[in-house]
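Colleague: Please arrange chain D on chain E, whose structure you already have, making use of the hints.
Protein chains in written order, with the working numbering: chain E, 16 to 547; chain D, 178 to 599.
Misleading hints may appear alongside valid ones.
In the BS3-like style, the derived pairs of lysine-lysine whose C-alpha atoms are separated by at most 27 Å in a straight line are [claimed, not checked]:
(1) Lys588/D to Lys309/E
(2) Lys300/E to Lys132/E
(3) Lys367/D to Lys383/E
(4) Lys588/D to Lys427/D
(5) Lys300/E to Lys588/D
(6) Lys383/E to Lys427/D
(7) Lys436/E to Lys543/E
(8) Lys427/D to Lys367/D
Derived from the structure by calculation, the hints contain no laboratory data.
So you can see what is in the structure, the chains are spelled out below.
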Amino acid sequence: MSTETTAPAPSQSTDAHSRRWTGLGWGFIAKLLLMMIVNALGVSAIMSAWNAQAWVILGASIVLLAIADWVYFSRRMLPMKYIYPGLVFLLVFQVFTMIYTAYVATTNYGAGHNVSKSQAIDAALIQAEREVEGSPSYPLAVVRDGDTIGFAISEDGVVEVGTADEPLAEVDGAVDDSGRPTEVDGWEVVPVTDLLKDQALAQDVTALRVAVSDEADDGSLRTREGSTAKVYRSSLVWDEDADTLTDVDSGVVYTPNDRGTFVGDDGSTLPAGWYVNVGFENFTKAVTDPEYAKPLLRVTAWTFAFAVLTVVSSFLLGLFFAIVYNDDRLRGRKTLRTLFILPYAFPAFLTALLWRGMLNPEFGIINKWFFFGADINWLGDPWLARFSILFVNLWLSYPYWFLVCTGALQSLPSETTEAAKIDGAGRWRQFRSITFPLLLVSTAPLAIASFAFNFNNFTIIYMLTNGGPRFDDTSVPLGATDILISAIYQISGVAGGRADYGLAAALSIVVFVVVGIVSALAFRQTKKLEEF
Amino acid sequence: MRNTIGKVAVVATSVALLAACSSGTPADEPSDAMSAEPTASETSDAIDASGLTLTIWTDENRQPAIEAAAATFEEETGATVDLVVKNFEDIRADFLAQVPTGEGPDITIGAHDWLGALVTDGVVNTVDLGENASSFSQVAVDAMTYDGQVYGMPYSTEAVALIQNTDLVGEEAPATWDDMIAAGEESGAKYPFCINVNGETGDGYTMYPFQTSFGAPVFVQEGGSYTSEVGMGGEAGEAFATWLSENGEKGAGHLSTTVDYAINNELFNSGDCAYTVAGPWALGDFADVNFTVNPVPSAGGETAAPFVGVQGFYVSSQSANALLANTFLTNYIATPEAMQALYDADPRLPAFEGVDTASAPFPDAIAGFQASAEQGVPMPSIPEMGSVWDFWNAAEAKIIKGADPVDTWNKMITDLTAALEG
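Here chain D stands alone, though its shape is the one from the complex:
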């Protein structure tokens, strides 16, 4: 037994050592600023946040853009920015799951249509747009507003638009769907028009400008914000469904469930399609054709309004560095220079006035998407929207495949309404 004391001592030492090692976290540091307080005459605005870490979630595309903004911030404040790169699709679920545990970021990049879920799940804080608030585009700020409160700092917008092969059909924007099909057929292209239907799944998002041209919005809008009342039923919706069927696989064949995102881009890039509807994210796939971007033509007589998506920065409701996070957003993001840097690193339609869009690889295309977004409507951010996609997409795919349009559409409305109530 004579070794016991030695062993205990060893264990105790290792415990003590560790205790010493890990107690130096900044959170535990008591405030020692009381004694040697510098006088107020010190006017320099250099903030000293050294030792603090601001965690920001971003996706791969936006990483260089945020790195640019973070570099200035780090340099001027001494704080460390910990940039965590994630899949954009994962950020929403991860943010929802991790903020309550305290493991979430201080700031995350996100899309405005997550807002409803983020608010009902209590994970976002409100933000103040700072002194440049008036420079943000109104659509973008509206999109980041939920129940009268601004929860995100917008920085870019996006919307689908009509992309046309200029070698086949010239630069002029067709006025209506029929004009477009006629021009497309005249051009001798294999398909006058292609659109991504996401295979058998259906894609209500890309098809939405045509739907709104029949006056059938997903949810009824009241004074700019959406209510949870389904708005795409009734005659307008049935007219759109009939149109889908007439142009579907058993009809004219312009819409087909055999086309998904990759196939659509391939068809347009190989010159087989004269027109397509796609977003700015697809431009990289159109390297082999000359194209121009215009607003989507109307199929049902009213304005073809695509969904406008807005992306921006959210602050976690459980952030321990709220002051620092807001400093970063208002002083290092909401400035003309930072917005320009964000645009240069990752060209998306800016949500901030005065950003020079000439640096983009397709400056003309950006203008076309901008025009399309201007006639668009914000994508609903109410949590109910999450339940819509499944029913809506599937019904469209079914109708395009040849199911009875009016019955299928009305069943979808009934099912959806039941799901929203239950």
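For reference, chain E alone in the conformation it holds in the complex:
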């Protein structure tokens, strides 16, 4: 993600210091220095994009950098001077990520389709090249004549040289004790010591194959580390014009299909495939596959229930404690409040792991201490597991609401409550009609944010139950406490080495849309609260 960065320029008003070129001109110099840094970073990004041949990033970097220079050196672009850095970050870190996820969602990128087509061809050729059985290991000298490089070996003291085009042939030369040619007539011997220093030469040497004889079936010499060579034989031949791989042993011709796999004319396939565009297939797969549709529906229902219940319960508990500990008559309020925040201060994954141990039916302290050693399988029964998740998450998140509500309570105007008191309203009436509605104005947006967070609260699910216990009535690896995001993780198999990133990206987009719609609707509702 090293595309471009923009530092805000120190512009202040229409006759900004940054434009003044009278006097010492410090303002302009400061701007100049900042813009030099910006340009430096931008140009380095452009150059690394050039080296990596990432043309989209290259183009975007050039455009963004050009606009930056124009904005900050132009007299007319005043508002843009403030907005531009934010816009760039928005583009790079939000819009780009979303577009890229959407792009991945339309491909079959994942296990078996992990590389580009040319890399898949590389892999097929690597996998098809085998050592010829019983091949001796020849001490090797790399030789060159101008731009042509070749391999020199010796057999029974006779030096032989070959190149990519010429098979091994006898030449005059001398060998050392190990049999490695030291002098080759007409060729210049490249010392092993120099071979590795030159990366381009080293790559040529790795790629070089020297045929042992005119007969292609005899195989060719190949070296892996530059000092010894063995005879290898490749069973696949790549025909670039026809875009096919041919198995020279069986005669099977492999042609690429539109799924990103080489398929032979006998129906067999080559192991390594590449990623291709599959349109909206990933989006339809989750909905139309009857295996997935039903469990995913249950997972969705539980996701909503979990997100709503966890927000409501922790909000109410936090609010309750906030009101109790907001009472002036309570001594040591500050200390107590600090203690309340503790669960919030622990890392959530650690808390989840601890609770997992404490909820263990046989060895956990919950059963031992609070249930007289009863055998209650907290995480093994679907409903108890759901309850445990809600409970642990309540324990984790009510301090947040305690903090928020305490702050909100303290900022409420005391006049309204006093007026209500004078009008004869009781405590409950005061709370219901005045405190609570006023509180909601400031906390409802936070509640929506909290909903969106818990909708995707992967940590607690993964660490506490890992989605379990499994559904009994389906073969899909999903369980009673799986929420959508952990289900996506399971289905896409990112952890298991059979990843389907395309499907994962598509499902993530679906979740994103759902969360977006729910949040938008909820925010619209909260606007009504402000009319109180």
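Modeller: Only chain D this time, still in chain E's reference frame:
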């Protein structure tokens, strides 16, 4: 407008400066070795690879071991080794994702059961074991072999074994499961036998020696390599499932989903368990008890064969330094000295003959694990294995919890077969 030219000049200068700064990468350096070529009479084998960087991924445990090997390499060749430490669990996914982008390492450490995925995803190159090829243990080389080609240089193997509390049940290895339970009960320990079931998730890996003792391998083996045909169905599998149920929570209670890795180690370390099945990685947790390591006893009559895992070095198929990477592996790893150094820094069952295992903290235990590994089978490295774990573990956990063994097991086989085909 009179400032415009000055501003343009400043921008242009900064651009030029940067261009000058970053063009000095070694990749762009043209070959200048043509002119002053030293004569071939120079026989010294000192390789000069200065300026080149070999990137190696490793995990924290193996970091000191590879540092030792890399130090010699750096000293003798002048190349720089950039050791990147990662979580072992992350290496596989990161390697798969980053090699195609060109950001991957030249060499990575890895487990042999990743091999199928690495090959189908086209990210590994084949390797040559060098002149010491015959010193590698055959099981380890077989494990690193996929479709007849060697893709990794093995350096260590691992397998679970039976660990017994010598104060409770002595040193003698029990011959069968029943003997073991009897001895365990006689010893007066709270639990005669504990095993990690990974909580509600299930752990087919640790339980596997018992499964193979019923003759129910995960995949059918043909001539040493695995086919994608599920082999744990049928009568043998059902017998194993029934055994799980009989010893599970509703039966004798020796197997329980309340036990996970940490609890199991704690139970054994506190002397509450007479026997457990665990791997060499758990030994550090057994500081408070005297123990000895033996092969796992048979429960179903046949040999209890644990999964043997092999770890080694993979070379990226997209490495720009393939020559250097292979030089490192064949000349600086596949040697008796380097293998010994690897062992001394991080004692794991060596995959190389002649490594002196006396330097380990538990040399006797290493011998016990070695004996267990010798009767083991390599963990399947075919990509299909990735789909097995979920179904397999969950079915075992369910049966141990008390579900009907035969039905649950057969449903798992059906689901798994469907998943592998679809």
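Colleague: Decide, hint by hint, whether the structure agrees.
Modeller: These are the hints, each one checked on the structure:
no. : hint                 : in the structure
1   : Lys588/D to Lys309/E : holds (19 Å)
2   : Lys300/E to Lys132/E : holds (24 Å)
3   : Lys367/D to Lys383/E : holds (17 Å)
4   : Lys588/D to Lys427/D : holds (20 Å)
5   : Lys300/E to Lys588/D : holds (24 Å)
6   : Lys383/E to Lys427/D : holds (21 Å)
7   : Lys436/E to Lys543/E : holds (26 Å)
8   : Lys427/D to Lys367/D : holds (18 Å)
In summary, this structure violates none of the numbered hints.
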